Amino acid sequence: MNHKRIVSPEEKFPKVPESLFLFRSCTGSVEYPGTENAIKEILKLLGIKAVMDPDQTCCSGYLLTCSAYKPEFSLAVTARNLSLAERKDLDVFAFCNGCFGYLSELAHIILHNPDYKAMANSVIAPMGYEFKGTARIYHVQELYRRLQSNLVALVKRPLQGLRVGVHYGCHYLARQYGILDDGGYPSYIEDIISSLGGTPVFYKERQACCGYAVGRGFTHKENVVHPHLYSKLKSAREEGVEILVTVCPGCNTALDREQPALSERSGEKFGIPAIDVGQLIALALGVAVQKLGFKANTVPLDEVLRKISADKGENIQ
Amino acid sequence: MARETLKDSLAGHADGYKLLDNLSSCLGCGKCVGNCPAARQTPSYNPRQIIRDVLNGAEERWLKSEEIWRCLWCAGCYTLCPMDISYPLLIMQLRYRAVEAGYGLQYIAPFKKFAMRAREDGLTFAPGGSKGRERVQGIRSGIGASPWPEISEKAKAEYTALFDLCGVKRDLEGMPEDAAEPLDLNYLGGRIVYEP
Ligand code: SF4
Ligand code: SF4
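Chains as they are written, first to last, in our numbering: chain C, 1 to 317; chain B, 1 to 196.
Nothing false has been slipped in among the hints.
Pairs of lysine-lysine, DSS-like flavour, derived with a Cα cap of 25 Å:
#1 C:Lys70 - C:Lys221
#2 C:Lys88 - B:Lys156
#3 B:Lys64 - B:Lys112
#4 C:Lys234 - C:Lys307
#5 C:Lys156 - C:Lys44
#6 C:Lys4 - B:Lys31
#7 C:Lys117 - B:Lys169
#8 B:Lys156 - C:Lys132
#9 C:Lys40 - C:Lys291
#10 C:Lys132 - C:Lys88
#11 B:Lys112 - C:Lys70
#12 C:Lys291 - C:Lys49
#13 C:Lys88 - B:Lys154
#14 B:Lys156 - C:Lys40
#15 C:Lys70 - B:Lys113
#16 C:Lys117 - C:Lys70
#17 B:Lys64 - C:Lys70
#18 C:Lys221 - C:Lys269
#19 B:Lys154 - C:Lys132
#20 C:Lys295 - C:Lys156
#21 B:Lys112 - C:Lys221
#22 C:Lys221 - B:Lys64
#23 C:Lys117 - B:Lys154
#24 C:Lys88 - C:Lys49
#25 C:Lys70 - B:Lys18
#26 B:Lys131 - C:Lys291
#27 C:Lys88 - C:Lys40
#28 C:Lys40 - C:Lys12
Okay, the calculated bits of chain B under chain C, using three or more residues with CB under 8 Å as the criterion:
#29 75 to 86
#30 91 to 98
#31 141 to 154
Hints listed in this document are in silico derivations from the structure and should not be mistaken for laboratory results.
No experiment lies behind these values; they were computed from the predicted model shown.
Beta carbons are placed, not taken as given, at the ideal position from N, Cα and C, and that holds for glycine.
If we strip away everything but chain C, and leave its shape as in the complex, we get:
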């Protein structure tokens, strides 16, 4: 096993893929459908073919960590979903930290434990699948980093100094091996933001969890999630963050949907929209605003769109 903690984007992708298996995220296609659309638009502009497979299901990880599923089920689901990519000879690109983390972790468990591999394959074999372990698993953000200069060359709507706070989310940075940056103090997304004309803001609780993790938004909203999110969003507001970007639609849900309740509790205003980093990149590349699905957001983006002169009906590609 390669124990290198941090790898460069070029080491990660010596060759940029021509096609990839884009792993559908439940939250990214239902709660915030603009996430998936933005990524497809960016990949189109980069000349990379995104293949989605209607036979793919939920990764099944979230309810596993909510203790509603046992690992046997999620191991089998992971083996089945990954075998779909293997059949097409493609690597998997997830755009939800949950999907990414669960796929990587569960595949690791299957591949390092012959009993689990046999178990998972024996349940999916009657359906005609076999997981071999050849498909590699990436997060789409890794590709943005690899192709950052290509993205910069495509900018049509510079971010005009927009003050952007990044929320990395736990399940990418918590990986011990093979991540793009120092998980203890990452800055690669801030670097992408600057190169698109934005102003990255290193607010104090930048690396704090979104709080929705493993279902705590359902079981411990008042006593754990709200106080935790309050101090996170307060630190963003104090540093003048105008918009938060995430790499996980699950985190996005917590940061966006909880703001009215936090305002009610504290009597303070937040008003900081939260979107996927892909949606912000797509805006910078001039993708039409109506393709990005901001109608799904609780905190409106009007001020942000005005600042970067993105009219609602406009398509400047």
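Once you've looked at the hints, dock chain B with the ligands against the given chain C.
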């Protein structure tokens, strides 16, 4: 039994799924606690103490506790651990064991309906009601996507089949309703108070 062997067998007991073979290497350094957002809110939740108790065979008091349900699974502990101990995989298994012993059921009960719906949809957290579905369809159509995520009937049927085959349906339907209330531990004078 030699202390090290005893530690290993106790750790093995807590790690029924064999996901953490290095638990007994814990140094007790507490870096995990210092980087834990749940411990920051609730000092009576303490990952280092939980590992120590598991290794000493005293985890029962945690299985009964409300505290073990506060972990956010953010892996802040794992990120800093000098011994590479994946604590989230321990808490996951402690929760299973708590549920098997009849504790903490109210913390998994809210997910029963989402799980049973995911069984049908092949998607998690898709709205069940027609109003919620219409909202999603409206937003998706507005951005030029198909009104509903493109998931095949085959995918849904196979998700359901794996769900049932792996015993998830049986476990969820068999969940007893009369769950014991987990104990809320106290934190007084810098110590966790285990007895009510
Ligand atoms: S950081 Fe690791 S070694 Fe230190 S107390 Fe926590 S689990 Fe043990
Ligand atoms: S995973 Fe749980 S124990 Fe570890 S730092 Fe996060 S909240 Fe604390």
